[in-house]
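4 protein chains.
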Amino acid sequence: MTYVSFSKDKPLDFVAIGRLCIDLNANEINRPMEETMTFTKYVGGSPANITIGMSRLGQKTAFIGKIANDQMGRFIADYLQRNGIGAENVVIDRSGAVTGLAFTEIKSPTDCSILMYRDNVADLKLTAGEVSEDLIAQAKMFLISGTALAKSPSREAVFQALHYAKKHGAIIVFDLDYRPYTWTSEEETAVYYNLAAEKCDIILGTREEFDMMEAFEHNPDHNDDVTAARWFDYSAKIVVIKHGKEGSIAYTDDGASHKAKSFPAKVVKTFGAGDSYASGFLYGIMQGWTLEKSMEFGSASASIVISSHSCSDAMPTINQVLDYIESCNSGKII
Amino acid sequence: MTYVSFSKDKPLDFVAIGRLCIDLNANEINRPMEETMTFTKYVGGSPANITIGMSRLGQKTAFIGKIANDQMGRFIADYLQRNGIGAENVVIDRSGAVTGLAFTEIKSPTDCSILMYRDNVADLKLTAGEVSEDLIAQAKMFLISGTALAKSPSREAVFQALHYAKKHGAIIVFDLDYRPYTWTSEEETAVYYNLAAEKCDIILGTREEFDMMEAFEHNPDHNDDVTAARWFDYSAKIVVIKHGKEGSIAYTDDGASHKAKSFPAKVVKTFGAGDSYASGFLYGIMQGWTLEKSMEFGSASASIVISSHSCSDAMPTINQVLDYIESCNSGKII
Amino acid sequence: MTYVSFSKDKPLDFVAIGRLCIDLNANEINRPMEETMTFTKYVGGSPANITIGMSRLGQKTAFIGKIANDQMGRFIADYLQRNGIGAENVVIDRSGAVTGLAFTEIKSPTDCSILMYRDNVADLKLTAGEVSEDLIAQAKMFLISGTALAKSPSREAVFQALHYAKKHGAIIVFDLDYRPYTWTSEEETAVYYNLAAEKCDIILGTREEFDMMEAFEHNPDHNDDVTAARWFDYSAKIVVIKHGKEGSIAYTDDGASHKAKSFPAKVVKTFGAGDSYASGFLYGIMQGWTLEKSMEFGSASASIVISSHSCSDAMPTINQVLDYIESCNSGKII
Amino acid sequence: MTYVSFSKDKPLDFVAIGRLCIDLNANEINRPMEETMTFTKYVGGSPANITIGMSRLGQKTAFIGKIANDQMGRFIADYLQRNGIGAENVVIDRSGAVTGLAFTEIKSPTDCSILMYRDNVADLKLTAGEVSEDLIAQAKMFLISGTALAKSPSREAVFQALHYAKKHGAIIVFDLDYRPYTWTSEEETAVYYNLAAEKCDIILGTREEFDMMEAFEHNPDHNDDVTAARWFDYSAKIVVIKHGKEGSIAYTDDGASHKAKSFPAKVVKTFGAGDSYASGFLYGIMQGWTLEKSMEFGSASASIVISSHSCSDAMPTINQVLDYIESCNSGKII
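Line by line, the protein sequences are chains H, Z, Y and E.
Residue numbering for the first sequence follows this note's numbering, beginning at 348 and increasing consecutively.
Residue numbering for the second sequence follows this note's numbering, beginning at 348 and increasing consecutively.
Residue numbering for the third sequence follows this note's numbering, beginning at 348 and increasing consecutively.
Residue numbering for the fourth sequence follows this note's numbering, beginning at 348 and increasing consecutively.
Possibly wrong hints are sitting among the right ones.
Identical copies carry no separate label here, and so any pair may be met within one copy or between two of them.
Stated by the list, open to error - Capping the alpha-carbon separation at 20 Å, the derived lysine-lysine pairs in PhoX-like fashion look like this: (1) LYS608 x LYS679; (2) LYS640 x LYS546; (3) LYS584 x LYS606; (4) LYS592 x LYS606; (5) LYS608 x LYS592.
Worth flagging that the hints you see were computed from the coordinates, not collected in a lab.
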């Protein structure tokens, strides 16, 4: 059974809006960052990673965002183009903003952290007037990411984009992607996350992210059923709540819930798991696959990325995912 | 025919959220403010004035807002209580904010202006967590005012209040009350006004205010029919577009439009016309009167206030309005 | 003995830089401001009051400052001109700043307070580039006021003005005039007050103001001798430390200290005492009077102002001061 | 002839205050940064580099600054300690500030640029109250760097430090180190640079930096003699004006001017030339060498650093500098 259906005649499969930044990944890993002497540069940012993933899976994609008018910004624009992602609505900042940075620290495969540079970043300077209604009108699926709601004017750009996406009948995905910096308070976060979620068809997030959205609600047991049920009164068709290693659960507006198995991995670091899961899962949904199959595809995609050094660069092709599933099923990867 | 219906068993007729401030009205009028030497102090702010008007019309009312921790704030709290307005959710600021001020200049009855002090004002510091869900749950009608959307955290407080009002089935009124200061850009204004208006049952504003909301829409002729029609796809039952002296027009979700006559006045100043119109009109709606009768009552109320020196203090009682209508109809006021 | 001498051939006796604002004085006094219904408007701000005082004492004066581009600003400019104060270097703000306000509350002659509006005020927006070197070059005496150091760019304007005043040999007066709002911290205040004081010939302040300047110094007993002595190592010739009703003490760079009697007054309110003292005292200094006689003249001037409703408007003429001294000496005022 | 003399009995040769940050130097050079994929991390910041240089030349040194409470901050603290630089007055920020970053781009040996991250940086959060008077009291020479004047509260910390340095008789050096970001305007820069320079014994800067300081002065021909002469009326003993490849000129308060030869170099990049010149030159001054010999030692030190990949790490020892001079003089380096 499919829960969402897509306009066949739209030219773009997938458009996302939000954060474009730079990951600076530690080259010398399994040690504290104090002892890391060199870093390698990659394009990063959750919605960027998901879009790169979708593109690598053969989807026609485009991005809406803002980049700094400097070497980092130009590197990002160039990377998008080299990966076949439409960048005509990637606006160049003229206010002196910088590119967001994420220095990754990998103390061990299970002890990873990020040192973020998020002051005066270009991605949060996208304005509502810079969002292309035409581009969104061409998209079958449209994804927003919570971080883009963290500050004006990007916050307004996202709400305006949601308005366009709804008006033109795109399937709207909300990747919660909550990061505490930049936000003024948890109350502020909860208000805008809820306002945005009301308008979305598919909501993806961790249990902790949904908890944050329930700051004003009554769900003392952090019950997934209660959490998911709220959204079917609005626009939601699918709500996916992720529980890390314990797997995730997808609720649908017919009252059903769905689980799928996860896959083993030789973990290098945990970064990028959510983004690769999202691109794999959404790819499956767009193919009309069952939720279970889509979730499985997402899980395998996540296992591939966390076995690699980068996030964006490691996003797999369809064959890589299928091979990985096959290798796991045949016991080659355990 | 009535377009909205109210829960009979709720204890409060009317609750509003938003701006509480001080008007400093020129005592020596019909001259530029440079030549005015003394000013008289009144409670002001559009939603405050409307609530005072509703209270004077015999309705049970309460207010949700924030006041400065100073003499001006205490004067406001005291005035609300003396006027029978529930002030238990009027929070006292602890951050050193000040009370908003509006110095009025009356050069002539038709040439009036306001000098505003809106930096660091207490009313815009109300937070989402300070809004009482219990209070909103008791309200038959709940009014928001656009100015409260101008800045965080008040903006979030309004959206949270809208959530509560919708959850508890209040009839929600949006008095657009657009003031350009405080807002960062017209785009920002349009985005949040539209997000809020989607959730409201009754929308009241001037043609210029609706124009501002259509910054991203296509309505080149500023056509009222086009403007009103948009909102019936969301929650709206009644949309009132005001055209100053040329009167106003009320659209309803059955496709009808309604006009009503206005009344003569010995105009002292134009301030307060909109607020007294709103309280008179909404009073009529709450009594189950026809739109025409409600609009007439609002118009008479407005004529009374613009014939007086103050706004809040001049808000009329039912008998004053009925007498005024009678005096106009009998030719005593021309 | 005279401690400072003035260039005879300079055309202006006195130029000041800094705060120009509006006092809104309670008309109904001897009650809390909550019960005051009307206010009267006056020009205010410590350096403005002192300059008005100097002008009323027959000195040729000019002011350097910035006013809001509104009715309050125009009232101030007009008042200066009507009082014979050169306003060619009173710049009009173009950034949307407002005029600072001071609502006075007079609960009793000895229990007075001020409610200040100091957010986004025009006077603190004066820039270094807007200060006229030519004007300062014409001044025999040049006065700065501590409040103008509270924030950039006014802070830089004051330091640039000090540079010009020193370069052109004006006698520089520092009226400490410390107000805690606007400043970020006491440390910040102390640093800039000290930097400015190093360049001044005459320093006037209350004991509490000098205490604030000694945040990083060692003067645990708040000893006036210790306080004054520091400044004679820099540029100071006269340091006046005021102790409210207990009178004030003037130190001079020859190691002497000077006291003078104070005068009785039928006190209406305490505001303006310091400003009128300063203008009277500095007038005496400019006439070459002894310190004792100058202090006496300042004290009588202060007694006149605190017996009146306003500050600026009540600044006395020479004859008024002399009459007041005579009336006190003859027992008519006790 | 020596122009400055040092207290023999102070335990520290050299203390500096100001910027501590991270350089991220492109590993793949001679190309635009867009094509650089990896970066190597070094401690950076002009006063940090000079202090590292002084330490490598065998001087007893300490630093006054503020570091972020993160991995970058801890790396800096650790590096200082490993280099024998006293870090007891290197304060850890608790406000969530980040470490300043400088990504270097080396397109060619003569076409180098820096991409700066200076928003919300820890080094500009040092407060006046955090500066240790005791530490400054122990210093023979004390250096300030202009960048630390760019913003409050670091600006106040520098002025307070200057007060302590003057009080305790340190020889005060001002390395102008002007960087346009962070500053609000050139006027603001000029005012504070001049205020600080008045208190300094040795002033070092490029012609362009001195031009910036003369925003309010009259020196239309950018004449070095005019520039230098101003400062001898204040505290200056030596003023060094640098003209890039054309060499530099040192003025002294006896009216003399001094030039010294520069040295050839196999230039990798131009960064760090000024810092290594400063440490070499100041080392010579502290040894009582002539200006010519000190300048030569500084020039050779600069040539060594610009022949290397890093700034801080490449700071030479005495023997390295002497060898370099010898190699140049003997024609081994041309």
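Results for each hint:
1. In this assembly of identical chains, LYS608 and LYS679 lie within 20 Å of each other by CA distance solely inside one copy; the values are 17 Å within and 70 Å between copies.
2. Taking CA atoms no more than 20 Å apart as the test, LYS640 paired with LYS546 passes in neither setting, with 26 Å inside one copy and 38 Å between copies.
3. In this homomeric assembly, LYS584 and LYS606 come within 20 Å of each other (Cα to Cα) only inside a single copy, at 16 Å, whereas the closest approach across copies is 43 Å.
4. Within a single copy, LYS592 and LYS606 get their C-alpha atoms as close as 13 Å, which meets the 20 Å cut-off; across copies the closest is 64 Å, which misses it.
5. Proximity of LYS608 to LYS592 under the C-alpha cut-off of 20 Å is restricted to the intra-copy arrangement: shortest distance 11 Å within a copy versus 67 Å between copies.
Hint violations for this structure: number 2 only, all remaining hints satisfied.
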